[in-house]
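Peer 1: Dock chain B against the given chain A, drawing on the hints supplied.
Each protein sequence line maps, in turn, to chains A and B. What the first sequence shows, in my numbering, is residues 84 to 488, in sequence order. What the second sequence shows, in my numbering, is residues 8 to 614, in sequence order.
Since the hints were made in silico from the structure, they are not lab data. Check each hint, because a few of them may be wrong.
[Said to hold, decoys possible] Derived pair list, reagent style DSS-like, types lysine-lysine, alpha-carbon separation capped at 27 Å:
| id | chain 1 | residue 1 | chain 2 | residue 2 |
| --- | --- | --- | --- | --- |
| 1 | A | K415 | A | K480 |
| 2 | A | K278 | B | K110 |
| 3 | A | K369 | A | K278 |
| 4 | B | K290 | B | K377 |
| 5 | B | K377 | A | K480 |
| 6 | A | K415 | B | K425 |
| 7 | B | K425 | A | K480 |
| 8 | A | K480 | B | K427 |
| 9 | B | K407 | B | K425 |
| 10 | B | K427 | B | K407 |
| 11 | B | K427 | A | K415 |
| 12 | A | K278 | A | K480 |
| 13 | A | K415 | A | K369 |
| 14 | A | K369 | A | K480 |
| 15 | B | K207 | B | K165 |
| 16 | B | K110 | B | K207 |
| 17 | B | K407 | A | K415 |
| 18 | A | K278 | A | K132 |
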Amino acid sequence: METKVLAGALAIRLLAACSPLQDVLQDDQQLASPLTSYARLREGVYLFKHGIDPYSGGVFRQSPILLSLFSTILPLSPALLSPLLWTLCDGIGAWSLSRIWRLRCKSSVTYGSREGLIVISYLLNPYLFLPSLALSTSTFDNTLFLLALHSACLGNLEISLLLLALLTHLSPTSVLLLPPILFLNLAGPSSRLSKPIQFVGYRRAVPLALHYVTYLSSLALISTLVSGGWGWIGRTWGAVLTLPELTPNPGLWWYFFTEMFDYFRPFFLMAFSMHLIIYVAPISIKFQHDPLFATFLLQGIFAIFKSYPTLSDPGLFLSMLSIFPEIYPYLKTPIVTTLLHLHASLLLPLFHRLWLSQGTGNANFFYASTLVFGLANGFAVLDAMWAGLRIAFGAAKEGWEIVQT
Amino acid sequence: MERGIYRALPVIRVFLFILGYSWMLMLPSPQLGRGIYIDENALQPGQVNTYWSWDDVHSADVYLGHLEQLRDQNASSVEKSSFVRSVFSELGIPAATQGYSFKTGTMTLDGINTYGVLSAPRTSGTEAIVIAASWISLTAGPNLRGIATVLSLAAYLKRYSLWAKDIIFIVGDGYMDGMQAWLGAYHGLDQSNLDAEPIKLHSGVIWTALAIDYPGHSFSHLGIFYEGLNGRLPNQDLMNSFHIISTHTGGVPVVVYDHVEEQMDSIISRWLPQLFSRQAYIKEYARRARNVIRHVRYQALGRASGVHGLFHRFRVDAITVFAVPATGPHGFHALGRVIESTLRTMNNLLERLHASFFFYVLTGPGTFLKIGQYLPSAVIVSVAMMFGGLRVWVDAGWVKQQWSSEKVNHGPAGKAPKWKTRRRNVIIPLVVMLATHVVGGITFFVVTNSWFLTRTDKTTYLPIIPLSLIVFSILSALLTSDQPTNSQHDEPSPAPLSSLLKAFNLCLASTVISITSVLNFSLAASLAILLGIPLSVSSPTIGLTSKMAKAMSYFMLLLPIWWTLLATPMSQSIWDWQVWGVWFAPFVCIVYLPLVLQATVVCMLDP
Chain A
84 METKVLAGAL
94 AIRLLAACSP
104 LQDVLQDDQQ
114 LASPLTSYAR
124 LREGVYLFKH
134 GIDPYSGGVF
144 RQSPILLSLF
154 STILPLSPAL
164 LSPLLWTLCD
174 GIGAWSLSRI
184 WRLRCKSSVT
194 YGSREGLIVI
204 SYLLNPYLFL
214 PSLALSTSTF
224 DNTLFLLALH
234 SACLGNLEIS
244 LLLLALLTHL
254 SPTSVLLLPP
264 ILFLNLAGPS
274 SRLSKPIQFV
284 GYRRAVPLAL
294 HYVTYLSSLA
304 LISTLVSGGW
314 GWIGRTWGAV
324 LTLPELTPNP
334 GLWWYFFTEM
344 FDYFRPFFLM
354 AFSMHLIIYV
364 APISIKFQHD
374 PLFATFLLQG
384 IFAIFKSYPT
394 LSDPGLFLSM
404 LSIFPEIYPY
414 LKTPIVTTLL
424 HLHASLLLPL
434 FHRLWLSQGT
444 GNANFFYAST
454 LVFGLANGFA
464 VLDAMWAGLR
474 IAFGAAKEGW
484 EIVQT
Chain B
8 MERGIYRALP
18 VIRVFLFILG
28 YSWMLMLPSP
38 QLGRGIYIDE
48 NALQPGQVNT
58 YWSWDDVHSA
68 DVYLGHLEQL
78 RDQNASSVEK
88 SSFVRSVFSE
98 LGIPAATQGY
108 SFKTGTMTLD
118 GINTYGVLSA
128 PRTSGTEAIV
138 IAASWISLTA
148 GPNLRGIATV
158 LSLAAYLKRY
168 SLWAKDIIFI
178 VGDGYMDGMQ
188 AWLGAYHGLD
198 QSNLDAEPIK
208 LHSGVIWTAL
218 AIDYPGHSFS
228 HLGIFYEGLN
238 GRLPNQDLMN
248 SFHIISTHTG
258 GVPVVVYDHV
268 EEQMDSIISR
278 WLPQLFSRQA
288 YIKEYARRAR
298 NVIRHVRYQA
308 LGRASGVHGL
318 FHRFRVDAIT
328 VFAVPATGPH
338 GFHALGRVIE
348 STLRTMNNLL
358 ERLHASFFFY
368 VLTGPGTFLK
378 IGQYLPSAVI
388 VSVAMMFGGL
398 RVWVDAGWVK
408 QQWSSEKVNH
418 GPAGKAPKWK
428 TRRRNVIIPL
438 VVMLATHVVG
448 GITFFVVTNS
458 WFLTRTDKTT
468 YLPIIPLSLI
478 VFSILSALLT
488 SDQPTNSQHD
498 EPSPAPLSSL
508 LKAFNLCLAS
518 TVISITSVLN
528 FSLAASLAIL
538 LGIPLSVSSP
548 TIGLTSKMAK
558 AMSYFMLLLP
568 IWWTLLATPM
578 SQSIWDWQVW
588 GVWFAPFVCI
598 VYLPLVLQAT
608 VVCMLDP
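In isolation and in its complexed conformation, chain A is listed as follows:
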């Protein structure tokens, strides 16, 4: 059943990739940020193949790992092979998501037909579908994330940490996902949201972090060898921290920094990055009984507050919601979240077009729509967080009400 659904959804994807829709979407700034754009990837590979250091200019911001992959093994042809590769990656991501679901509920109820639903929610989610059509490398980020989670659920520590290190090379914000993934390795994926227990693996987890650091540094060494210098660190990881490019994207950072004086820039860059870091410890500790849920929530939070998000980051959060059906009865405002997402997903392309191609609007229009989008994602994360905590209390008793003080 699941394989049939997977095959069907992949076929729909491939059909869409053959349509002229792909040419229209490739340059869209909401689907691909400067860190994930396919056009920049091709530019970098071209420069690399002709012996010019791609990191000496300001265009190419992908990791040297992608550079080496696409200049040697994998070809870059936007007509046929690249859409095939991207669809394959999405298929692997959907497969690993359904396997995570299987591992999560192996001890309780049978998994049944939900697997088909999970695969569809990943492959046909417009937030993931459209960036994949636009050949944004955020598809690879999502696939690596899901594969890392899958290995962590299986308990394969080394593989999950290696995949996480690889993911950190492509998307540096993922280094903050190390604690919950370590705990996931040690605690297992089964759903303990309704029956919280204390986590006793902190002492064991700390030395394991060194494994991750080893993998990260060896990949960094390999990248340096590939790109022939240390310049790639400033251009890729440094871009996330110092925000050199203010290309509009669905995130919240770019508008802020367009209207900022240079004097205040370092302070606000530090404040925005600190803001991402402060969420890791509280959520990992509060949801220590279910680290998979903690990873899920953190991924949602990073999707909102990352420096260069695309639509695929909140899309991954929404698709992962499908593997936590136990929280659905406890979601407080699902329809409000849905309506906010509906409005935001219609307003984002409308105001982007009104500003940049029609010329009758200005940047404030688009920024307002990114604010609505951030609000929609915030509602989704908060709702999921509330439901995850609320489920531990069970059904409300006669005449009693559960409130948050």
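Peer 2: For chain B alone, coordinates are given in the frame of chain A:
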């Protein structure tokens, strides 16, 4: 507090509906709105001395004589364009022609445009100003004097070396089709049903354009036509500078469209008793209302009100100057002065017009409404609909569970019935909504098919209505029989399909109205008026006759579709879609029709 809001919600909704609709009615009132002003300081309208003289009027008269000869001979496009081209060549202005042919499903339109490019004498012509006139006026008569103005302007402007931009003179064939072909070819935009020759003489980027429409003998007022395709409006600075120049330099009063005030006053005094018709407030309200209604008629259908409307797609601000026919005092002299001064103003621009407003409602020639004064009216109505949808959604999640008979005997007055939550299956309503959109897509495909368009007898399609009623009743019977029967004991039966479908319908309609209000306010306001109350009061009924009656009343909402898409032999909206790319026709089929169908399905279901 939540319980208070829940109980007060129907009152809040009624209040919001009243507020939204009365705001829409108050849009033309004299209290709302402010005077126009120039926002781009570079324009400096009305500050130049004009040198257009009676000699130039005489040359215009001579050209007019030739053009009238061509009209009397029933000259063909080739002869007309060769005459215009010869005029440009005699003046020493490089000129060329462009042939084109539009082939839609039912008819073919072809013609030949003629254009001349006056290069900027002392600078590089990186930008351009366009002066256009088409052979057919918007009153459907010949626009001979407009073309004569363009030709004599060409002769006059060539003598001066102060132009910083290239000036392109275009005499387009037909009414708007010639300009569409020229603009598409100039900007490299291909259209599948258009076969146009390439442009031989290229100039700079066009920033502003003026179209001249002068059908009558003389004129008393100059009218501004400004709507573009798909509800797009030009930057207000262009119209405002034209207004100031015409009033002060030209001495010609400016009106919106061809709405001369004296006509309106006579209409009011005929229809209203003397007590009201003499009030200045009523008079002003009526004049503004006339302007607003005509504006809505153009903008809601996405139609351009003149040749200028085709320019807006390319970020060119353009208006049509219409000389309102009268036995009145003005002629070529006033028009030439005004156009010359406007061109001098447009010449001053160092960057595209961006400072003034793109979103406005022009209530009078000198007054307008800013976006904050008209947009909330449609949004408030959509918020009221959204509240209705959310209320139905919340209500669908609870069911009153009656006590079973043995327990009623306890207690003196009987206990209050308990509320239990019940499941809401969202998949089925979503599938139904998707099906209605697919029906809308199929309708659009059928209606734009050339087989359908070639059949002129559209009244034979009236039987669709009873047929679809039968289909709907079968569908609703099937859908209601699918729901599982009530098992009284522990699990209450899931929420009824009609409630969920109504909730989703209202929320979707509200979203559509809010989103379109920024794109095309008149369309959003029309949707708010047509859909606001009917969708909010849709409810499931029992009994076949009442179901049919309700469905028929909802089909009344589809009358606008009938009128715009099926009424005339070659429906104007479908023509607009095929030739100018106006998205009103697909919007009506793929968005409006499904919304009405969903409300109809809600009525056909059992509660």
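Peer 1: Sort out which numbered hints this structure fails and list those numbers smallest first.
Peer 2: 2, 5, 18
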